[in-house]
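As given, the protein sequences belong to chains A and B, one line each in that order.
Add 121 to a position in the first sequence, counting from 1, and you land on the number used in the numbering used here.
Add 121 to a position in the second sequence, counting from 1, and you land on the number used in the numbering used here.
Source of the hints: derived by calculation from the structure; they are not laboratory data.
Treat the hints with care, since some could be wrong.
No distinction is drawn between identical chains; accordingly, a pair holds when it is met within one copy or between any pair of copies.
Unchecked claim - Under the rule of at most 25 Å between Cα atoms (straight-line distance), these lysine-lysine pairs were calculated in the BS3-like manner: (1) Lys-345 <-> Lys-151; (2) Lys-443 <-> Lys-302; (3) Lys-273 <-> Lys-151; (4) Lys-308 <-> Lys-192; (5) Lys-302 <-> Lys-283; (6) Lys-333 <-> Lys-424; (7) Lys-370 <-> Lys-225; (8) Lys-390 <-> Lys-273; (9) Lys-345 <-> Lys-283; (10) Lys-309 <-> Lys-345.
Since the structure is predicted, the reported quantities are computational estimates derived from the model, not experimental observations.
Protein chains: 2
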Amino acid sequence: MTAKKVRTIEELGEFGLIDHLTSGFTPSQKSTHLGVGDDAAVIDHGSYLQVVTTDMLLEGVHFDLVYTPLKHLGYKAVVVNLSDVYAMNAAPRQITVSVGISGKFTVEAMEEFYEGVKLACERFNVDLVGGDTSGSMTGLVISVTALGTVLKEEIGLRSGAKNNQLICVTGDLGASYMGLKILEREKKLHAEDPAFQPELVGYDYVLERFLKPELRVDVLLELKEAGVKPGAMIDISDGLSSELLHICKASECGCQVYDDRIPIADETKQVAEEFQMEPLVAALHGGEDYELLFTVPISDYDKVNAIAGVSVIGNITDQIGKALLVGNDGNAIGLQAQGWNAYSSEQDD
Amino acid sequence: MTAKKVRTIEELGEFGLIDHLTSGFTPSQKSTHLGVGDDAAVIDHGSYLQVVTTDMLLEGVHFDLVYTPLKHLGYKAVVVNLSDVYAMNAAPRQITVSVGISGKFTVEAMEEFYEGVKLACERFNVDLVGGDTSGSMTGLVISVTALGTVLKEEIGLRSGAKNNQLICVTGDLGASYMGLKILEREKKLHAEDPAFQPELVGYDYVLERFLKPELRVDVLLELKEAGVKPGAMIDISDGLSSELLHICKASECGCQVYDDRIPIADETKQVAEEFQMEPLVAALHGGEDYELLFTVPISDYDKVNAIAGVSVIGNITDQIGKALLVGNDGNAIGLQAQGWNAYSSEQDD
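Bound conformation, chain A alone:
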């Protein structure tokens, strides 16, 4: 019998839990440049910095093997980590991949998974240097850690946004979420009627965005070539809304973004219509876009505007913590974080 209040993790909330559990930890190593709280931790190596990021992917929570080919899963498990490295404006160098494998997997199945890992390694010029392989009593468990390097003056933190800076986003948003919705729908129909054949034709774009996300290395290179140094930078994994709030919190600023500036592909709009869903909701809260969100000085407007695949969607304000979405009518509503993974978050995401 105890009077001590026992709280569930849901009550505390995802970010609350992380803050709570890690609050008692104070870095003591000189080389620890930045701990919990950005896309990656940062380690000081003198003339350059090293970023470290890790992601855990659990079957039934982060992926569904019913509609996720293992090769795609291996590729994506690496890519979501590299996305955090690039979001620090760093170049990925090494990864470790750990897997817990349940009895249902054959060697061939794991080969497929590692083919995807290898594809990502080759594509982004990253070395697999270690990991851990063990049996799992339950589903497939994947944990990837990525290391990268960046010159000190080039690091892209969440905390670098300044008043009046422009807010930019790469590519388009919400497609991945609509791809997931299609796959979930076809899975459900198939479960109800085993003779049902999933109809995936015509959904290539949104499916590809979900199953095989791209990383915007091209834009990072173009920014560098144009001599543009981002202020704050973050990758969009939990949805635009959530990431804007992260930047506002870390940079102690506010922001306003214009709803008609938020890039959404026509394919995404069409699928959203099928689901009678507002495309903007998918863009704001869908997540898994793995596009980059960053700020630049207003004087760089012409330069970023000239880069294909970059949209200027708003600007940073001095109203601390206030993230506003401004509509066509000039009315503004406050943005709130609503990651679509009800309880799934990252300390360094």
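We have chain A already, so just place chain B on it with the hints.
Frame of chain A, contents of chain B only:
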């Protein structure tokens, strides 16, 4: 219908699987000094090296919450990784801790786990710099990555053993395995009769060795003070036998160890007797000792002999791949790897 042979993971075996899956990966980064195949990967930072190691711990495979307090689990999850760092003769600096938490856990339970993590961080002067927290559909999933640094000339690899070097081991072996046996016995008795009260008094030493393993930082410091540079070094996580074979393979040598030289505590012998088990079997194959196994030049015999907690158990030979256990009678038998986790191994362990 396919004629392709589908192999199960058991058929290939644990180390076979790792070799097989990672064989197609060739490091291309200049900074990758060493990839898969030692206690940790090694990254070159110019004047010093950085080691990277990662371990995944899965409920039901690596730990049983019936008899493992969460605080101990948090401590041990960190310590098993630091063990790999120390086994490279490196000093640990940073860790990331990722957890997948199923619905049955309260915030207080996770606080206990993180108290253990914190204890290990404080004790070994390591910073928690990141991680990932998510829900889990199944059991508790833990993945820890540790980073450490070491001067280039001081790195301790598995491949550093030379013919005629002495083989040394710290502390005593087999105790952790006997602690596990006690806990498993009491769990079984309790399951058969819920009124049964586990009887753990008198087993303090072996239980402590299993639940809260120590790391031999003391010995590493004394070796350094004595000016002894180990040839090969590895931590004993899968049992002495398995680790000796790792050294022989990596160093392209053989070894012979003397059964009466292998250090086994009296408490371990007593518990082994209770289970009608040969204590030497626990020492050779038990695992989870987290002691250090290393080689030194024969000229350093007096120096290592003077260090408390170091036993010289044999020597390296030039008979490649031949690991022999020599008995009192002078007869020798070949050592074989028999990790007690039937299917559980590590690419960088």
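Legend entry - Which numbered hints fail: Of the numbered hints given earlier, those the structure breaks are 2, 5, 6, 7, 8, 10, listed in rising order.
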